[in-house]
Amino acid sequence: MAMLEVSNINVYYGSIHAIKGITFDVNAGEIVTLIGANGAGKSTTLQTISGLLRSKTGGITFNGKSLSGVPAHKIVSMGIAHVPEGRRIFQQMTVEENIEMGAYTRPGSEYNESVEIVFNHFPRLKERRKQIAGTLSGGEQQMLAMGRAMMSKPELLMLDEPSMGLSPILVDEIFEIIKAFHKDGTTILLVEQNANKSLAISDRAYVLENGRVVLSGTGKELMQSEEIKKAYLGG
Amino acid sequence: MEFLSYLISGLSLGSVYAIIALGYTMVYGIAKMLNFAHGDVIMVGGYISYIAVTRAGLPGWLSVIVAMAVCTVLGVIIEGLAYRPLRSATSLAVLITAIGVSYFLQNAALLIWGANFKTYPSLISGTLKLFDNKLSIPYVAMLTIVVCILIMVGLTLFTSKTKMGKAMRACSEDKGAAQLMGINVNKTISVTFAIGSALAAIAGVLLCSSFPTLKPTTGSMPGIKAFTAAVFGGIGSIPGAFLGGLLLGIIESFAKAYISTQLANTIVFAVLIVVLLVRPAGLLGKYVPEKV
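Heads up: the protein sequence lines correspond to chains A and B, in order. So the first sequence is numbered by the working numbering: it starts at 33 and just counts up by one. So the second sequence is numbered by the working numbering: it starts at 1156 and just counts up by one.
A portion of the hints provided could be inaccurate.
[Stated by the list, open to error] Using 30 Å as the maximum straight-line C-alpha spacing, the simulated DSS-like pairs for lysine-lysine come out as follows:
hint, chain 1, residue 1, chain 2, residue 2
1, A, K97, B, K1330
2, A, K162, A, K185
3, A, K52, A, K229
4, B, K1342, A, K106
5, A, K162, B, K1330
6, A, K185, B, K1441
7, A, K211, A, K158
8, B, K1370, A, K162
9, A, K52, B, K1330
10, A, K185, A, K158
11, B, K1273, A, K162
12, B, K1318, A, K185
13, A, K106, B, K1318
14, B, K1187, A, K106
15, B, K1370, B, K1273
16, B, K1330, B, K1342
17, A, K158, A, K97
18, B, K1441, B, K1316
19, B, K1330, A, K106
20, B, K1187, A, K88
21, B, K1342, A, K97
22, A, K162, B, K1441
23, B, K1284, A, K158
24, A, K88, B, K1342
25, A, K262, A, K229
26, B, K1330, A, K158
If you are wondering where the hints come from, they were derived from the structure by calculation, not from laboratory data. Bear in mind that the values here come from a model prediction, so they are computed numbers and not experimental data.
With the sequences and hints as input, model every part of the structure.
See the structure below:
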């Protein structure tokens, strides 16, 4: 049984049919990527898993438990953390307060240990912990969003375009950290437009187009695929 | 001496506005709605305290606690029944609902307590006389100012130090992201209404202690003025509501004393208009650009 099983979900924004029967799964210990152009339904899929949006059909199970009808704020404590598109850190709160909010569902006793782990991954956040989050640079905000998510000790970490708007060096850094999280035992579901980078670290990937899965395979297979090369890898 | 006495009465009136404005601003900050029924919760607080003292014979301080308890429950019920079903509705629909709740409370009070004025028995009487009786300060004015400062300090500590308070700030910035942290947004909004309504009860008691006529529309004008104060200070900002309330009270008191009693309200609102022309976000309000 896969850790996360998404079967035949259909999501609508009013009358717009954004997700048209997507089915995929993520096994424990994998890095799985959803790639696709803008509007393909990648972010909508993640938001449906974390409960911010609802599917009209099908279902989503996590470790065998159904997520349908579970309110968004209870999904975190089941072991899924979501770093949303655009980071959505709390701009007017300090770095440290953002990190505390990440630990909202956890007992206070493990806070010091968790924050230590996060600061080890992101030493820059430690330096700036008293700073108002809105004054951080884009890369630092991405790090804060990821660190905040890790505070909930997730089994599955969902990252929505973590490389968006970052310089190539920072993108490398962010991907290194994703690999480090994965090495520490966190399963990763990644949404990316940077197909090259994300396929290189992925066990498996799904290609989304207009709300449907059009292609799937291992990271290596997809990197070799002519269609992918044309559409995403500039080859 | 006269100046000082007007200043103190302005500060005391302003403290009442500030306490009410805090309720407006907290609810606005989190639920992004203008709860126009807030002023009428003040009136209910006044009536409950009045009944507790005159009918049940409770001591004044206990009547305040009873009023706070009743208003807290009332606030949470109003939020749950009237506003929660409209969480994803347009802000205009919520605004009209709030006006409806306001009329509902006024008319319910009219049915229950009648149209006749009740004379509120001041909880604290007497005045402090200073400088050979040239300056007299009612004890209730002093109490009002002290209570207001305590509430302000308490709320600041609550929102900056406690887990619930921080969760409130998180919700006010981004409800979706707050949910992703595991914060129950509905519960947080309920708590905000509970706090705002308890403050309204305190404001009701203090207001009626200074101006002892109690009627079903007692809360309307102070409610609107406190809303003005909240906008004046920067709606959504707790220190802004405090500052806006105090300034509004002082301006009103001076306008009454030195310009004209009849024109006092006009002057108050004229000042609001000028401030908003110069600083559209209010005195301490921050203009937050939306990042896309």
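Q) Are the Cα atoms of B:K1330 and A:K106 separated by 30 Å or less? A) holds (14 Å)
Q. Are the Cα atoms of A:K185 and A:K158 separated by 30 Å or less?
A. Roughly 19 Å separates the two Cα atoms, so the pair holds.
(Q) Checking one constraint from the list: CA of A:K158 to CA of A:K97, max 30 Å. Satisfied? (A) Not satisfied, since the Cα-Cα distance of roughly 36 Å exceeds 30 Å.
Q | Restraint status (C-alpha distance of A:K52 to B:K1330 at most 30 Å) | A | holds (27 Å)
**Q.** Given hint A:K158 paired with B:K1330 - CA-CA distance at most 30 Å
**A.** holds (26 Å)
**Q.** Given pair status - A:K158, B:K1284, alpha carbons within 30 Å
**A.** Not OK: B:K1284 and A:K158 at ~56 Å, beyond 30 Å, violated.
(Q) Run the distance test for A:K211 versus A:K158: straight-line Cα separation, threshold 30 Å. (A) Since the Cα atoms of A:K211 and A:K158 sit roughly 21 Å apart, the hinted pair holds (cutoff 30 Å).
(Q) Checking one constraint from the list: CA of B:K1187 to CA of A:K88, max 30 Å. Satisfied? (A) holds (29 Å)
Q) Between B:K1370 and B:K1273, does the CA-CA distance stay at or below 30 Å? A) holds (7 Å)
**Q.** Restraint check for A:K106 with B:K1318, where alpha carbons must lie at most 30 Å apart
**A.** The hint holds at about 17 Å.
(Q) A:K185 and B:K1441 were given as a pair; does the straight-line alpha-carbon distance stay at or below 30 Å? (A) violated (34 Å)
Q) Do the alpha carbons of A:K262 and A:K229 lie within 30 Å of each other, as the hint requires? A) holds (16 Å)
Violation of the numbered hints given earlier is confined to hints 6, 8, 11, 17 and 23; the remaining hints are satisfied by the structure.
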